[in-house]
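Undergrad: Sequences and hints are given; from them, build the entire structure.
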Amino acid sequence: MKSADESVRALSREVLDEARGEAEQILADAKAKADIIRQRALEQAAAEREEILKRARQEADHIRRQAIAAAQLQARKLQLERREKLLNNVFDAVQQRLPSIRQWSDYDQIVRQLIREAVAHLAADEVRIRADEQTQKLLTDDVLAELSKELGVQLQLGAPLEHGTGVIAETIDGRRQYDNTLEARLSRQQSELRSAVYRLLMGESL
22 MKSADESVRA
32 LSREVLDEAR
42 GEAEQILADA
52 KAKADIIRQR
62 ALEQAAAERE
72 EILKRARQEA
82 DHIRRQAIAA
92 AQLQARKLQL
102 ERREKLLNNV
112 FDAVQQRLPS
122 IRQWSDYDQI
132 VRQLIREAVA
142 HLAADEVRIR
152 ADEQTQKLLT
162 DDVLAELSKE
172 LGVQLQLGAP
182 LEHGTGVIAE
192 TIDGRRQYDN
202 TLEARLSRQQ
212 SELRSAVYRL
222 LMGESL
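Mind the numbering: the sequence shown is residues 22 to 227 in this note's numbering, read in order.
For the record, the hints were derived by calculation from the structure and aren't laboratory data. The model shown is predicted, which means the values in this text are computed figures rather than measured ones.
Per label pair, the in silico range of CB-to-CB distance:
no. : residue 1 : residue 2 : range
1   : 81        : 114       : 48 to 56 Å
2   : 90        : 70        : 25 to 33 Å
3   : 192       : 119       : 21 to 29 Å
4   : 180       : 130       : 23 to 31 Å
5   : 162       : 130       : 17 to 25 Å
6   : 217       : 92        : 26 to 34 Å
7   : 215       : 92        : 24 to 32 Å
8   : 192       : 105       : 31 to 39 Å
Glycine included, C-beta positions come from ideal geometry on N, C-alpha and C.
TA: Have a look at this one:
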């Protein structure tokens with residue numbers, strides 16, 4: 022038969038064993054929960070890292086696209102500026118050479134056509150023709166009479182032009198006029214000629 026002390030010690034060991042078991046279980050549970058929390062934290066960190074990398078890649082792509090677009094825009098701008106400069110050089114050269122057309126052998130026929138077109142645009146019964154001094158020499162009384170008969174209008178020669186090559190037709194009262202000088206014709210046709218001239222400059226055939 023156990024003594025009272027032995028019984029107490031036995032009970033104490035039993036309580037300690039139970040307490041130790043509970044403590045170990047608590048520690049095991051805590052470790053398991055800690056492992057779960059740590060795993061979730063790792064997964065969350067990985068997800069956040071991936072999201073950050075994704076956003077960084079998107080931002081990098083956006084910046085790259087912007088840079089490419091800006092470079093393309095700048096290249097296009099430079100190309101257009103170069104094209105505009107080339108075209109302006111060509112038209113400036115043509116403008117400077119227009120007066121030399123007066124030396125062509127068929128210039129008298131060109132002048133007649135200029136007058137026909139100008140008179141047609143005015144649609145008046147009486148028209149005054151003004152021309153540069155060299156062109157005026159071709160507009161003799163006989164030439165004006167011949168054109169008057171052909172066009173069915175009364176033509177008369179006006180004061181010489183101070184600028185330009187060719188003719189300007191105007192009504193007798195001076196209220197309406199049609200500038201058919203070579204310079205004015207080039208200016209009117211310049212917009213539609215630009216594309217064709219540029220293609221020629223680039224070596225393309227029309």
